[in-house]
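Undergrad: Based on these hints, arrange chain A on the given structure of chain U.
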Amino acid sequence: MITLTLNDGAVRAGADAPAETTFADWAAGGYGTPAHGAALVLANDLDLSSVDPRANFSLFGEIIVHVPTFKDGRAYSQVRRLREQYGFDGVVRVRGDVLRDQVQFMARVGVTAVDVADDAVGGVKESARDFSVFYQASVRQYGADRAGPIWRRRAARALAA
Amino acid sequence: MYRYDEFDETIVRERIDQFRGQVARRLSGELTEDQFKPLRLMNGLYLQLHAYMLRVAVPYGTLSSGQLNALADIADRYDKGYGHFTTRQNIQFNWPALVDVPAILDDLAAVEMHAMQTSGNCIRNVTTDQYAGAAADEIEDPRPWCEAIRQWSTLHPEFSFLPRKFKIAVTASATDRAAVRVHDIGLQMVRDADGAAGFRVIVGGGLGRTPYIGDTLRDFLPKEHLLSYLEAILRVYNEQGRRDNMYKARIKILVNALGIDAFRNLVEEEWGRLDKHGVDLPTEETARIAAYFAPPVFNGDAGATIEGVAAAAPPHERAAFERWLKINTAPHKTPGRRIVNVSLKPIGGAPGDATSGQMRAVAHLAHRYGADEIRVTHEQNLCMPHIAVADLPAVWRALDAAGLATANIALASDIIACPGLDYCALATARSIPLAQQIATRVAAREGGEETLGELKIKISGCVNACGHHHVGNIGILGVDKRGEEFYQITLGGSAADDAAIGERVGPALPTSGVLDAVDALLDVYQARRAPGERFLDAYRRLGAEPFKEALYDHADA
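Chains as they are written, first to last, in our numbering: chain U, 1 to 161; chain A, 162 to 718.
The following block holds chain U by itself, in its conformation from the complex (with noise of 0.2 Å):
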């Protein structure tokens, strides 16, 4: 298993990949600062309409949300939170039973690195870019949607025009 990274194609051996803890641990802990470059992981069942004030998930660099089998979608709407409620910036891996067709899903609701099988890498890049316009916008521009949802350019085309 290696970890592609979405926006430029980079690639991460599993054994780099960085410490982790439990959103549950964190919790137990008081919502303290972490271990120096750990990762978050969050259970799918996680909800994360509302958290503990305390939990500044800014605190750590990398959050790995958990996707138990591809028909499970609760794991699009965690990462969404996170982009929009709690403004993480940092990375948002996924890791768990991905189809190369909901990566670029993943990426427009701001997930911007996926763990997959080594041989891999090449179906989920070229799934990654199967749709080149999109209807909603998209949480981040992680190179997803650097021009916005469909209809914000034609209103700015019809400006224009």
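Check before you lean on any hint, since a few could be wrong.
EDC-like mimics (lysine to aspartate or glutamate), calculated; alpha carbons at most 16 Å apart, straight line [to be verified]:
| id | chain 1 | residue 1 | chain 2 | residue 2 |
| --- | --- | --- | --- | --- |
| 1 | U | K71 | A | D195 |
| 2 | U | K71 | U | D45 |
| 3 | A | K384 | A | E446 |
| 4 | A | K198 | U | D72 |
| 5 | A | K326 | A | D405 |
| 6 | U | K71 | U | D89 |
| 7 | A | K487 | A | E615 |
| 8 | A | K709 | A | D680 |
| 9 | A | K241 | A | D514 |
| 10 | A | K409 | U | D97 |
| 11 | A | K494 | A | D302 |
| 12 | U | K71 | A | D267 |
| 13 | A | K709 | A | D677 |
| 14 | A | K494 | A | D195 |
| 15 | A | K709 | A | E664 |
| 16 | A | K709 | A | D684 |
| 17 | A | K384 | A | D405 |
| 18 | A | K437 | U | E84 |
| 19 | U | K71 | A | E194 |
| 20 | A | K326 | U | D72 |
| 21 | A | K384 | A | D514 |
Which bits of chain A does chain U cover? Going by a derived footprint, with three or more residues having C-beta under 8 Å, they are [stated by the list, open to error]:
| id | region |
| --- | --- |
| 22 | 194–202 |
| 23 | 426–438 |
| 24 | 442–456 |
Keep in mind that the hints were calculated from the coordinates and are not lab data. Keep in mind the model is a prediction, meaning the values are calculated, not measured. For glycine and all other residues, C-beta sits at the position ideal for the given N, C-alpha and C.
TA: Same frame as chain U, now just chain A:
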């Protein structure tokens, strides 16, 4: 109607390329069937009993003549010369080969159509009133909002892997022809005290194994915030909906478990928090979409009346024409125009089926007489919403020649039926043959079915309730009893503004008993109704008892 610009076109083309790749990966074995299944479903492709089935989206039921002609061509080229119109205002082809599907999608794209999200655990084709843009009692044409929902929901990055499928219906009339109370979300356009237009938001309705009538989530939502409010509802559902049991995964189960007030608090909190500017369309974009739905120009005779055209009909056809006018046409908001319903329920036919020749006949009529517009109704008929009254005789004759003028809209033989065991892998009993037999029986009753007035019979071949039996005035559910087909009868259901789930009246009947049972129910109704009283109203007034008695006395006899 809406036309694609290059952005819409690009999305559809890229989706076909993606799907072509997915088919190739399946054929090469890179994808397992378990992995391929949700991918193909999200492009409308099912594996049924005998073959693949492709469900093509007809967004909010609106078709142009060119699109209907293209569907006819697909039926001829890739299928057996017919298609089946569904309760989600879509069309299904029952016999395509997997290898042909990408080519079919290309043909669809050429006329600005697709099969995206007609299945799968995602937001499905949005449905609306088939009289939209023509009904006299609507607040405004709901279709621009349907198109906004179509675009917002298409390939939504966050909501493509929901706990379960998700269906949205919109109406802008007080008379609900879109069944908004039995959808995951129902939107009813209303005005607030200041006269501004917005939506009453209804949530948690649905049929299936556990039927519910939806609850009102919000009495009034300003229309410009429609998409952000939908986004808030979907986020709560995506996070909190059950995923441990597919039969308890629809939003209705979540709403019922939390209670509507607790669910509302979650949605309102979420809506308050999210960035509405990132979701709600700017007014320029809603205006751009709305411009496509401007009412068609009418240069005909505004003074023409149906009484006038009926009186001018030749004596030998006057009675049949008058009957059709009365039953199959409806008032239009523009004087001199009329809404024409096209029955796909010929007595003894398969409900909702149309041959390629019939599709072309309707396409031609709509092109020549009907502003190029056709609608698919959720009751599995077609509709030409803009016909000049003066043209009604010509339209009627042409429909009659094509076998499309059966005067039975909203009558007992206008039956909704799912495909049932003749096609469907989930069904436990046949639906179509029973619908055919019931239609034949009721049409043969003394005085004709017209004397029965409005009567909605709906048949489902299994508990998934695709035939909407729960909301039939007479609902019929096929069940399997030790390898034999039996049918459970429910009474008093309705999908309209007076929405209700039908009540089960007793044990299931064998196929042979169902026809007599329907006759017995109708006998009770005719004997005991007040003048002008509909079956549903008579049932509500009289209660289940007299009907039950007739049903089971009869079955015992």
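Undergrad: Against this structure, judge whether each hint is valid.
TA: To see whether the hints hold, each was checked on the structure:
Under the criterion of a C-alpha separation no larger than 16 Å, the hint pairing K71 of chain U with D195 of chain A is consistent with the structure, at around 10 Å. Between K71 of chain U and D45 of chain U the CA atoms are separated by roughly 14 Å; this keeps the pair inside 16 Å, and the hint holds. About 13 Å separates the Cα atoms of K384 of chain A and E446 of chain A, which keeps this hinted pair within 16 Å; it holds. This hinted pair checks out: K198 of chain A and D72 of chain U have alpha carbons roughly 14 Å apart, not beyond 16 Å.
Annotation: proposed proximity of K326 of chain A to D405 of chain A holds, straight-line Cα distance about 15 Å (limit 16 Å). The hinted pair formed by K71 of chain U and D89 of chain U fails the criterion: a straight-line CA distance of about 27 Å is larger than 16 Å. A threshold of 16 Å between alpha carbons decides the hint, and for K487 of chain A with E615 of chain A the separation of about 13 Å falls inside it, so the pair holds. Pair hint K709 of chain A plus D680 of chain A holds up; C-alpha atoms about 13 Å apart against a cutoff of 16 Å.
For the suggested pair K241 of chain A and D514 of chain A, the alpha carbons sit about 12 Å apart, so the restraint of at most 16 Å is met. Taking the CA atoms of K409 of chain A and D97 of chain U, the gap is near 23 Å; set against the 16 Å cutoff, the hint is violated. Straight-line distance between C-alpha atoms of K494 of chain A and D302 of chain A comes to about 12 Å, which keeps the hinted pair within the 16 Å bound. Under the criterion of a C-alpha separation no larger than 16 Å, the hint pairing K71 of chain U with D267 of chain A is inconsistent with the structure, at around 28 Å.
For the suggested pair K709 of chain A and D677 of chain A, the alpha carbons sit about 13 Å apart, so the restraint of at most 16 Å is met. Distance restraint check for K494 of chain A and D195 of chain A: the Cα-Cα separation of roughly 50 Å exceeds the 16 Å cut-off, and the hinted pair is therefore not satisfied. Straight-line distance between C-alpha atoms of K709 of chain A and E664 of chain A comes to about 11 Å, which keeps the hinted pair within the 16 Å bound. This hinted pair checks out: K709 of chain A and D684 of chain A have alpha carbons roughly 12 Å apart, not beyond 16 Å.
Simply put, K384 of chain A and D405 of chain A have alpha-carbon atoms about 35 Å apart, too far for the 16 Å limit, and the pair is violated. In summary, the hint linking K437 of chain A to E84 of chain U is supported, as the alpha carbons are separated by about 12 Å, within the 16 Å threshold. Under the criterion of a C-alpha separation no larger than 16 Å, the hint pairing K71 of chain U with E194 of chain A is consistent with the structure, at around 14 Å. With a C-alpha separation of about 13 Å, the suggested pair K326 of chain A and D72 of chain U falls inside the 16 Å cut-off, and the hint holds.
In summary, the hint linking K384 of chain A to D514 of chain A is not supported, as the alpha carbons are separated by about 36 Å, beyond the 16 Å threshold. Here's how the region 194–202 of chain A fares: 3 of its residues keep a CB closer than 8 Å to some CB of chain U, so the rule of at least three is met and the hint holds. With 6 residues bearing a CB less than 8 Å from a CB of chain U, the region 426–438 of chain A meets the requirement of three and the coverage assertion stands. Residues of the region 442–456 of chain A lying with their CB closer than 8 Å to a CB of chain U number 5, which satisfies the three-residue condition for coverage.
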